[in-house]
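Got chain A; can you put chain B on it based on the hints?
Okay, here's what each chain looks like letter by letter:
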Amino acid sequence: MSTLTDLRIAAVGDIHLSTDDRGRYRSKLDGIENRADVFMLAGDLTRHGTLEEGRAVADELRGLPIPVVAVLGNHDYHSDLQYEIASELRDAGVVVLNDDGVVVQCGDKKLGVVGGKGFGGGYAGKCASEFGEREIKNFVSHTRFIAESWKVALKEIVADHRVVLSHYSPIKETLEGEPHEIYPFLGSYLLAEAVDTAGADLILHGHAHKGTEKGMTPGGIRVRNVALPVLGRAYAVYCLDWPEELGIHPA
Amino acid sequence: MEAPQYVAARVQQALAEDGRTHELGIRVDIRGDQLFLRGQVSDAEQRRRLGEVAHEAAPELHVHNEIKVVEATAPGEDEHLD
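Keeping their order, the protein sequence lines are chains A and B.
Here numbering that gives the first Met the number 0 is used: the first residue of the first sequence is 0, the next is one more, and so on.
Here numbering that gives the first Met the number 0 is used: the first residue of the second sequence is 0, the next is one more, and so on.
Pulled out of the complex, with its shape left as it was, chain A reads as follows (with noise of 0.2 Å):
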């Protein structure tokens, strides 16, 4: 007879609240802390990146009774505050990443989380290349240095589970439903490749509106869109469990 052992993650990404959104969102936070060990943002929690809603996002999130981690989007940096936003939810207790990593301790387990806003370029074969003109090198060398700190913050993390969290896509699974011309803009595969070569249990991402809430990276790495409008719902709730005796835990 096998044990299983739960971490239960809530994940949103995609809430893009605006100033007038105040409390409306943190209402259907209420009880997560029965649902969930941690929660995690995938990205574009603001509208517009201005600082007036990064500090409504953030106190929404202040105080919540489990440990809340988060990663920005395109949304979040299109003021230029991106680091002025992570500040305020820092403030407030949020564990922001920024192409790094946390051990988050739930219960008497650690929880590894490797991540950051990740980026685009496409997906293997229908991908753009560092060849040409210096704005092309800069934009897929933008997502290639991402990548690869996210393989060296996995290798490095200790911990019983890891989860990467990120706003755009590693695999065009998860896509589906989106139009196929913007594929380019919504992930790149060299973030599940960087992911697949280090390992994790899971990977989330929101970004796609339009797009499907599960896919799989060529390794087999489980890939969820936590989008809101994907999920339909607050948020979505996933739980990490194995059979402790059998051993089968992540490399």
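Since the hints were made in silico from the structure, they are not lab data.
It cannot be assumed that every hint is accurate.
As the list claims (entries may be wrong) - Dumping the calculated BS3-like pairs for lysine-lysine here, alpha-carbon to alpha-carbon at most 25 Å:
1. A:Lys27 x A:Lys125
2. B:Lys67 x A:Lys109
3. A:Lys125 x B:Lys67
4. A:Lys27 x A:Lys209
To be verified - A few chain A residues facing chain B, derived, Cβ under 10 Å:
5. Arg23
6. Arg25
7. Glu32
8. Ala35
9. Glu180
10. Ile181
11. Asp200
12. Lys213
13. Pro217
14. Gly218
15. Arg221
16. Pro228
17. Tyr237
18. Cys238
All residues carry an ideal CB built from backbone N, CA and C; glycine is no exception.
Positioned in the frame of chain A, the structure of chain B alone reads:
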């Protein structure tokens, strides 16, 4: 060894044609000896039956039933990733 694409097609056909399910639009993916079912149905019993039929159609594979149950009034359910 049968190519996984043909096994997936056979499972998908079974889900559509088996009298217990008659369910179209369920996606079937195979990675090695793992079979993943994805899609949406309106009740948990139908999801269970789909997993059962898939298992019978490909008994050599481990079936991960990731089909989502969508009920208008439900806030959603936890997903166990085993």
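Legend entry - Hint validity - A:Arg221 Cβ closer than 10 Å to any chain B Cβ: At 6 Å from the nearest chain B Cβ, A:Arg221 passes the 10 Å test, so the hint holds.
Legend entry - Given hint A:Pro228 near chain B, where the shortest CB pair must fall under 10 Å: 14 Å, violated
Inset, instruction - Compare the distance between the alpha carbons of B:Lys67 and A:Lys109 with 25 Å, and conclude whether the hinted pair is satisfied. - result: Answer violated: B:Lys67 to A:Lys109 is near 28 Å, above 25 Å.
Legend entry - Residue hint A:Arg25, partner chain B, criterion CB-CB below 10 Å: 16 Å, violated
Inset, instruction - Identify whether the interface hint at A:Cys238 stands, where standing means a beta carbon of chain B within less than 10 Å of its own. - result: 4 Å, holds
Legend entry - A:Glu180 as chain B interface residue, shortest Cβ-Cβ below 10 Å: 22 Å, violated
Inset, instruction - Against chain B, run the beta carbon of A:Lys213 and see if the smallest gap drops under 10 Å. - result: Interface hint status for A:Lys213: holds (5 Å vs cutoff 10 Å).
Inset, instruction - Sort out whether A:Lys125 lies within 25 Å of A:Lys27, counting only the CA atoms. - result: The hint is violated at about 40 Å.
Inset, instruction - Against chain B, run the beta carbon of A:Gly218 and see if the smallest gap drops under 10 Å. - result: Hint holds; A:Gly218 Cβ to chain B Cβ min 9 Å, cut 10 Å.
Legend entry - Interface restraint verdict for A:Asp200 against chain B (beta-carbon cut-off 10 Å): Because about 7 Å separates A:Asp200 from the closest Cβ in chain B, which is inside the 10 Å limit, the hint holds.
Legend entry - Straight-line alpha-carbon gap A:Lys125 to B:Lys67, limit 25 Å: Distance ~30 Å between A:Lys125 and B:Lys67 Cα, so the pair is violated.
Legend entry - Agreement of hint A:Arg23 with chain B interface, Cβ distance less than 10 Å: 16 Å, violated
Violated hints for the displayed structure, listed by number in ascending order: 1, 2, 3, 5, 6, 7, 9, 10 and 16.
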